[in-house]
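Residue numbers (our numbering), protein chains in the order written: chain A, 37 to 354; chain B, 37 to 354.
Be careful, since some hints might not be right.
Any copy, or any two copies together, can satisfy a pair, since identical chains are not distinguished.
[To be verified] Below, in silico cross-link-like pairs of lysine to any residue (SDA-like), each with a Cα-Cα straight-line distance of 25 angstroms or less:
no., residue 1, residue 2
1, 59, 205
2, 235, 66
3, 235, 172
4, 235, 333
5, 235, 309
6, 59, 200
7, 59, 344
8, 43, 308
9, 59, 160
10, 235, 347
11, 43, 215
12, 59, 150
13, 122, 344
14, 43, 89
15, 235, 215
16, 122, 154
17, 43, 329
No lab work stands behind these hints, which were simulated from the structure alone.
Number of protein chains: 2
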Amino acid sequence: MSDLPRKVHIREEGPREGFQIEKGPIATHRKIELIDALSETGITHIQITSFVDGRRVPGMADAEAVVAGIRTRPGVHYEALWLNEKGLERAITAGRLHLEGNISMCASETFLRVNYNRSFESNISYAHQVLQSYLARGILVRRGHVSAAFGCNYQGDVPAAVVLDLVDRIRDIGSAHGVAITELLLADSMAWATPAQIKRVVGSIRERHPDLRIALHLHDTRGMGIANAYAGLEMGVDSFDASVAGLGGCPFARHQGAAGNVCTEDLVFMCHEMGIETGIDLDRLIECARQAEDIVGHPLPGSVKSGGGLAALRRQAH
Amino acid sequence: MSDLPRKVHIREEGPREGFQIEKGPIATHRKIELIDALSETGITHIQITSFVDGRRVPGMADAEAVVAGIRTRPGVHYEALWLNEKGLERAITAGRLHLEGNISMCASETFLRVNYNRSFESNISYAHQVLQSYLARGILVRRGHVSAAFGCNYQGDVPAAVVLDLVDRIRDIGSAHGVAITELLLADSMAWATPAQIKRVVGSIRERHPDLRIALHLHDTRGMGIANAYAGLEMGVDSFDASVAGLGGCPFARHQGAAGNVCTEDLVFMCHEMGIETGIDLDRLIECARQAEDIVGHPLPGSVKSGGGLAALRRQAH
């Protein structure tokens, strides 16, 4: 267990992942209420909204209002998602956001073709364009993303060699523009990963790129989220995306209704109980999880919000 | 990952764990329907009911009718729980059951005192009596049980040294009666375990008792069930209790309403995807999980029953 990190960084994605996928309209002030509460937990990075077409994704039509409405707390980075130039322009105009670009690849060519009408090669040309656009605007880029890194509902299994190759390509794209990619996010976008596979893929990337900080974006659709996070921790991964109460899912991935992102408070609980710091107040986070459930109006998948932490039980123990 | 076992044995406890805790009455024929369906999945051990006082646990008042009503399948061991001599007599009288005794200890003296009004020492005297009663009846005993092995809502943390000591005591009790204890079940009765702790406790027992086959009974109340199972697998544990759809909970443990036992189909999914055999047909098991949900009439916590397995997606992949 010597590889477990001492401290883990968690990026909260609940407000973006979660409110995007909810069917019913959620009032802007309630989204803001959750983001403001999350800001008080010790979380330092919160993805709060998505600048996408409000006609296609009605749940995100209030992106600007959300950004304008939150009570920003010093030390907290408020982030947003965008999928194209227009979205990026909106994010810049909104202000208040911590903007970072990334070089984004998808390990499933079928997924790329079905959802974006792109091949691997055309996606690489596109990545060069996107990177140029970030650099022209002075936006920091240090991260690569590989989505569908562990498997794809459209394509099936994804060999580790494909992911390794994409990591090389990502670094090459960066180099071509004088950008050093120092962080890599591996996303299990459609919940194909197992703990053993996390170890294999992370291990093979570490071997080839020992200088790269690896982050994991895990989905819990098949119940493997926390186990996969543990496997990541055992490989020394110290950066995770997560979603309070397990808010969210994946609209593209043929399993609507199933659980989405790995749950923040369950991940924080595991870290703390194993002696790993997160800088997050678990009790406050559990309150946020219950608030999230109240806001969406239906049960959310996280466990610790029902099972409770252990701190109070330890205090009462006799 | 060299310690992962090639084959894992799973004991299904859903019908007993689950129907015991449900508030509403569940018709006997529906319990039987689930047990019969589980018998067709390849599962070889099913705990089907509990011979407890039907006035205190109304959900189990039909224990005899359940045993009499099932369609027994050759190769499947139908098991039951009892808590005292009277329960054992009823199980014997019911017939059809695979009866095995065990030497049962609890790692929390507070839990023992609160729930059974016994100290560690009086519990040991009691264990001798129980063992004599099994032997007098010709009932096989080869297993030790340690409940609350990873922590207790009443007592707090449980040191590994306490568990180690109880394992010694269990083997001593067996030896005193000429009984070799070759298997040890560690139960995380109140869901305090983390993966790191599973490794520590299992590792320290393995070091002292390398001949003992270790089994895990895990609860998912705080979302750690599958991660804890993975940690067990990495320590070479090849025997698990689990509950279809995550049926169940723990009425004694101060967290009613939260998830109970680790979910069988999620565990089977993880094993298969990591190349570990279970002998269980995952698709049939998922059907049983959906049936269990229909029988109890409310959502149950398992993930794979909603997220789906990967076999069909692999077949459809293009």
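Hints and how they fare:
no., hint, in the structure
1, 59 to 205, "neither (38 angstroms within a copy, 57 angstroms between copies)"
2, 235 to 66, "neither (39 angstroms within a copy, 42 angstroms between copies)"
3, 235 to 172, "neither (37 angstroms within a copy, 51 angstroms between copies)"
4, 235 to 333, "neither (37 angstroms within a copy, 39 angstroms between copies)"
5, 235 to 309, "both (22 angstroms within a copy, 14 angstroms between copies)"
6, 59 to 200, "neither (37 angstroms within a copy, 52 angstroms between copies)"
7, 59 to 344, "between (28 angstroms within a copy, 22 angstroms between copies)"
8, 43 to 308, "within (10 angstroms within a copy, 32 angstroms between copies)"
9, 59 to 160, "neither (34 angstroms within a copy, 57 angstroms between copies)"
10, 235 to 347, "between (31 angstroms within a copy, 22 angstroms between copies)"
11, 43 to 215, "neither (27 angstroms within a copy, 48 angstroms between copies)"
12, 59 to 150, "within (23 angstroms within a copy, 47 angstroms between copies)"
13, 122 to 344, "neither (43 angstroms within a copy, 36 angstroms between copies)"
14, 43 to 89, "neither (37 angstroms within a copy, 49 angstroms between copies)"
15, 235 to 215, "neither (28 angstroms within a copy, 42 angstroms between copies)"
16, 122 to 154, "within (19 angstroms within a copy, 70 angstroms between copies)"
17, 43 to 329, "neither (28 angstroms within a copy, 39 angstroms between copies)"
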